[in-house]
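Visitor: Read off the chains here:
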Amino acid sequence: MANSLFEEKLSSKEFLVTTEIGPPKGADTSETVHHIDLLKDKVDAINITDHQSSVMRFPSLGGCLLVKEHGGEPIFQMTCRDRNRLALQADLLLAYSRGITNVLCLTGDCVDVGDHKEAKPVFDLDSVQLLKMIRTMESGKDMSGNDLKGAPKFCVGASIHPEADFIEPQLIKFEKKVAAGAQFFQTQGIFDLASLRRFMQYASQFNVKILAGIIVLASARMAKFMNENVPGIIISKAIIDELATVEKGKGLQKGIEIASRFIKTIKEESLCHGVHIMAVGNEKVVPEILEAAQVVALGH
Amino acid sequence: MIVAQQKPLEETRRMIAPYPRVLILGCGTCMTVCDTGGEREVSYLHNALRVAQAKGGNGTHTFSEYTLKRQCDAEFLELLADKIKDIDVVLSLGCGIGVQAIAERFPDIPVLPGVNTSFMGMAKERGVWDERCAACGDCRLEETAGICPITRCTKGILNGPCAGTKNGKCEANKDMDCAWVLIYKRLERLQQLEKMRRYYPPRNFRAIPRPKRIVSKANLNTGGSNG
Amino acid sequence: MYSRVNYDTQEYRPNQTEKYSLDHSLMPPCQAACPLLMEIREYIDLIAQGRNMEALQVIRSGNPFPSICAYVCTHPCEDSCRRGQVDKPVAIRALKRFAVEFGGDRMVQAEAETTHQEKVAIIGSGPAGLACAYYLRKLGYPVTIFEAHSELGGMLRVGIPQYRLPRQVLDTEVQRLTHMGVEIRTNTRVVSLDLLFDLGYKAIFITTGAHQSLRMGIEGEESPGVIDGATFLREINLGLKPSLGDKVAVVGGGNVAIDAARTALRLGACEVHILYRRSRAEMPADPVEVEQALEEGVRIQFLVTPTRIKRQDGQLNMTCIRMELGEPDDSGRRRPVPIQDSNFNNVFDTLIAAIGQAPQTPSDFHIRIGKGSTIQVDPATLTTNRAGVFAGGDAVTGPATVTEALAAGRLAASRIDDYLQHRYPLPPKEGRKSLAGDLLPRTIEMIRKISRLEPQILSPEARAKDFGLVESVYDWQAAVNESRRCLRCGMGAEILFQDKCATCLTCLRVCPYHVPHLDTSGAIQIPVDQCQACGVCVAECPAKAIVLRKPYDRRQVTEELNHTLKSAAESKLKPLIIGFCCQYGLFGTGALASLWRKTGAGVWVVPVLCVAKVESDHMLRAFEMGAEGVFVAGCGEQCARENTADWVRQRVGKVRKTLREIGLEPERMQAFVSETANADVAQQMDKFSDRIGNLYLASIIMQEVKR
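Chains as they are written, first to last, in our numbering: chain A, 1 to 300; chain B, 1 to 227; chain C, 1 to 707.
These are computed hints drawn from the structure, not numbers from a lab.
Only a predicted model underlies this, so the values are computations on that prediction, with no experimental measurement involved.
Ideal placement from N, C-alpha and C gives every residue a C-beta, glycine not left out.
With the Cβ distance kept under 8 Å, some of the chain C side facing chain B (calculated, not the full set): (1) A502; (2) C504; (3) P542; (4) S616; (5) D617; (6) R621; (7) F623; (8) L664.
Straight-line C-alpha distance at most 27 Å; calculated DSS-like pairs for lysine-lysine: (9) A:K284 with A:K224; (10) A:K120 with B:K212; (11) A:K120 with B:K166; (12) B:K166 with A:K237.
Next comes chain A alone, as it looks inside the complex (with noise of 0.2 Å):
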């Protein structure tokens, strides 16, 4: 098969967009879907999350299949927490087999932190093991040596945190992944532009595509809720005080204001190859942003 749209763009030299939604708590998927038709012409693809922050939620690949039949472009997140190595090759074989090609392999988050607490985290295997064992599918064998009656092909990437406090062992898990067949990165919350450009300096010896991921704040108490229990995420002091000196009910405005000013920069100083927009339920505000940052996907 061809390569996918996303991939496409990956290799061109246009600044990316893309975004992500969140499935719903339920099998009530009208909301989903009006995100998807509000957002698919805005933005180079849209990923739909695997049980966020461990939050039991309609599945991803159910969430890709609605974007596809929509008409947009869909990245798969893939996280290792729930599934043995038999569920996840067969659960890409589904995907491939749905015209869902785009893959982003993820470790995902603990148990601990979700609304599930005494599941059994399965994590038969980790992101690192998960790209190797989709370009072993790609290349006509499962992970045990069997040939495979059809072989699928996919467009993967991973995460990455260059905020991170400690950041050396981040770097060394980036080149594994990146040696393990990583084509694209889309980053953890970037709220400091200095050092995503201390990364980006480490990062261009890659032939990989990076993109920032903007989180949407829509107050300071949201912001410091998160710093204190969404896995990965740290934000700044000087972001939370901007964010306290709106009055209430005006916050989301900022918060849309900071992602915008983020993007603007990104994009003009070309900091990194686009932008990954996580609007954590207030998707409906995505166009705004990309509309203050003057940013139009491409071909649209």
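Fit chains B and C to the known structure of chain A by using the hints.
Guide: Relative to chain A, chains B and C alone:
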């Protein structure tokens, strides 16, 4: 050391409820060391159950106490043979192994677990126990500078830290160190960082299939041991 | 609720360590150093609990005349006291005096009846003679003491001045003998042993002491104005008042010389000089006596000895020569050597020669005399070369201490008994092994430093006026505080049940003094010479494998608790509160005494020797046996051992958690371990008692409502 914790009193009382004559059985090895099921704790639990019974008003149990050096060896269990005759249930304060050993040796008497066997670990200081080993059967401590990622990393991943580590602590529990940060630092100190740069394939979760068995007798025919 | 005490429930606890009655303790250095082998550790502990009468009983069991030793013993025990390795030795002699004065000594009368026919004669009524008389009389023999002087006591009477040993103390002790039925013949000098045998005595104990002063051997020694020390002191003690003039010289460096000098001062001498031929370090006199003498104004000239005395114009002109120290002599002290041409002269009114005494035995006794005029005896049996004739005390050893004489008297009594009953005089059985070894620096570091409390001494001005006692006795607070400094050598923890020990290292980790350690084979050793017997490891060992080598007074917390519960059951008092109360310090006698008097009905005290020994088990058992409330009360931060308050709080916390799990109010379990043992504790206990009372009433009401 096998480390366990006594079950909440309420649960123990509920378990012993149907049995009039209860033998509280302690263990003189691991359970003594972790101060959970040795002779002293047997005595204390005995007292607590009696006070609880008195408070409840309708006391129906009579208790007896005994402590074996170990509950997991048949020879020690033989010492129980006489005492079993006059009781209705054994409330064992031994680890899960001990409880099962008693159940196997004395199939006609019910055995109750008085403790929750939790992990294999060591004492950080008196009264503080940390898990250290998951008995995976495929020890890879050579690659991680003596720090086990399977036990000490919440997710048990093998190729470096996830993005959830903050201040060197794990996203699941802010009091727990991120094992991979520890591993990185120690490999750096030993100048063996290339071990962390290697790709580690997925674990063999069935290194020794469960329930595991190790045969250490030498076999005359095959000449081998350590099966 | 369960307010009725259920004591009749049978318990099946087969693993209880019934072997607690064994005594594996080692003999502490204080006891080993004492000639009488007194159980010092034991009576000091009793004083610390405020139990003076029992302390006195322990003292009396080893020493028939404790009041005498309390004043004048040279305390070899203090010299070997291991507290001295931490700061200063425990003031054992002063504590013994406290026990003697406050323990109802005057009320103690000894009784004896005659069960044997054989009469025994004791020649001399010094400490050896008195002790021998006491023990023989207790064994049932008719005993007669022959004393040449008009009063009993030997050197105690005629040698030691009254400002050190008051007259009535000696009289009281002697009276006891009379009460026991010992026949006393004063003013009777024995000149022939054969006569005594003819009179029907079957055995004779010669204990005539050493009263013959040694001569200086210099010209002019016979002059008027020169007297020997022993005679001088005897005359004073028998009531005479010789005139001494203004300037008095005393030659010598022993206790007799010091006694003579200080006596001379009290008799009105303006200047008293001691002339001693060696230096201060070699003076055999008690350093405390020397110090007191100097304070009173006695002057000491060291490295000086008289060579000639000439009587001139009613005074004594003494020629002296200076000395320097040469090589050591037989006694180990450096020999004084005269310095050439260093003569100088001094004028005195009186010269007292106190360079030593020797025994003097009549040749008609026909017994073998040895070096220094001492009577030769077999040291194991105290027999002389004549059958049935024994000897002991200064007459055998030369001038020695009171306590050694008492020990000789005691030994003589048992040997005379052997002789009279035709028993083979076996050597004494091997006693308990002695504790050897010094405290390690890491242990010393953890022991709280408390300075030694010296008994009050009168000011030098006040005391030089008369012969009143110089040293006063401790008050209660001082005695209890001083006795708590004892380290309890030799009765520390040991792993009695090695098979139970899981080497869990708990004892190693909880010990405040870092005593338990791993030996090279990986087993735990608790060295007996380091352990401070605090009891924490005993209570914390998860396998209950550790015991103290000597259970205090053979009592354990468990037994005490059982006893209390039984008593409470019999009395049927409600509501029932049980308190584990420390007996040490003034906690037992001070704060608690007031508590016992004024608390409401139903508070039962379980006396414990330090609350560190009270385990969570004990506390819970108190509830199990029907207590509505339980408390633990101890000295808190004042405890003589470290960290004990922490342990109590931890254990109380554990019991509270269990109470909560059972559904009882955790406040029913309280710990009173404050910084100071003061009246506030009694108040807190009162409040606690009230609260428990209310809880009990509430539960009764609930039961009524339910019905």
